[in-house]
Amino acid sequence: MVFLNPQTRVVGGGKGMRIEVERSLGQSAEASAREIRALLSGRKIYALNLISSPGSGKTSLIEALLGRYAAKSRVAVVEGDIETDIDAGRIRRHGVQVRQINTRSSCHIQPSQLLSVLRGMDLEQTRLLIVENVGNLVCPAEIPLGEDTRVVLLSVTEGDEKPLKYPLVFKTSDLLVITKTDLLPYVRFDVERVRRAARTANPAVEIFEVSAVTGAGLPALLDRIESLRAAKNG
Amino acid sequence: MHELGIANETLDVALSEAHRHAAKKVTAIRLCVGVLRAVEPGNLSFLFEHLARGTLAEGARLDIEEEAIRVACPACGDMEADSFTSVCPRCKGTPVTASGGDSLSILSIEIDI
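As you go down the protein sequences, you meet chains A and B in turn. Going by my numbering, the first residue of the first sequence is number 78, and it counts up by one from there. Going by my numbering, the first residue of the second sequence is number 23, and it counts up by one from there.
By construction, these hints were calculated from the structure, which means they are not laboratory data. Misleading hints may appear alongside valid ones.
Each computed DMTMM-like pair below joins lysine to aspartate or glutamate, with the alpha-carbon atoms no more than 20 Å apart [unchecked claim]:
1) A:Lys92 x B:Glu80
2) A:Lys248 x A:Glu283
3) B:Lys46 x A:Glu97
4) B:Lys47 x A:Glu97
Reference listing, derived: stretches of chain B covered by chain A, where coverage requires no fewer than 3 residues with Cβ under 8 Å from a Cβ of chain A [stated by the list, open to error]:
5) 27–36
6) 56–62
7) 92–100
8) 122–132
Keep in mind it's a predicted model, so treat the numbers as computed, not measured. A virtual CB, placed ideally from N, CA and C, is assigned to each residue, including glycine.
Using the sequences provided together with the hints, build the complete structure.
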C-alpha cells in the first residue's frame, strides 16, 4: 500500500469539483487484521495462514502438524470453506479445538470473520493457531489475516505454471509447499520450473517438497514450522 | 468476488467525502488498481453501480487506472511488464527484478456542489 495517510486536496471550485483523495482501499480489513495480530501477540500465539487451490492438501498438512504435537491443548484450528463442516470434523477427531467458518458467497476468509471466531474461542493454552483458508489461489492472497507465516501449497497435479499464473499468492507467501510428490512419476510437473518462478516472485520464499502418503519431506517442513513458532513465542 | 468489498469501500469513501463537502452528487471516482490485485474492472463497475443506487453516488463513473509491474534491466533500462518475469522482456537475456503492480487506492473523486 502506498498511501498510509489519506490526503485531501480540492481542485477547482463552483459547481463541479475534483477532490484528490489518495487513500488506500482495504483499510477496514487491515484494521481487523491488526486487531487479530494484537490478540495473538498478547497471548503468545503463533499463527499460520494456509492458502492453496481446493484439494492441494491443506487439511492433510494440518493433520500432519497435529501429529507432531502431543499437547493437543496447545493447538487450535480454524477451517474456512464455502459450505459444510467436513474439514472441521476431520480435525476434531485429533482432539484439538476447531471452529468452522462457512463463507457462503465469499471466496476467502475475511479478517472480521476470523476475529469474531477467535473472540469466541478459549485460547488460554494455545501456542499455535492454524487457519485453513478457502480453497482459492486468488482472493485469499489479497487479504492478510494477521498471520505470522503465510503458507502456499501447490500439488504436483495442478501443473508447474501456477506461480506464473497466480503471482500474488506466491509473492506474498513465506513458505511454498509442493505436495503429493509421490505422484511425480505420473504427471508432467517440472519442480525446478516451479522453484525458479516462485523465487522470481519472492526471492526469500522457503520451498519444501512433501508427500502426505509416504511422509517424504514432512519432518523438515514440520521442524521448520516449529522453529518459526518457537522463535516467536519460545 | 473480492470486488464486492472493494466496491463497498469505494462507495463509503466517496459518500463520506461528498458529505464533508456538502456535495449534491458524486459524478466520478478515479481508482488506481495494480495488475497483481486480480481485480476485474467490469465486475467492480457492475457491483459499484448496484451498491450506489439511491445514494449521492448513483450513476457515478468509475475510472480505473491500471498500475503495471515495473522491471529494471541493467542493459535496457526501466520498463513496464504485464506479468512477473525473471528476465528482461525486451532483451530476453538479462536477469531483472520486478516491483509494483500491487496498488489499490482511490485517487480522486469528482462532485457537484
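Problem set entry | Unsatisfied constraints (hint numbers, rising) | 7
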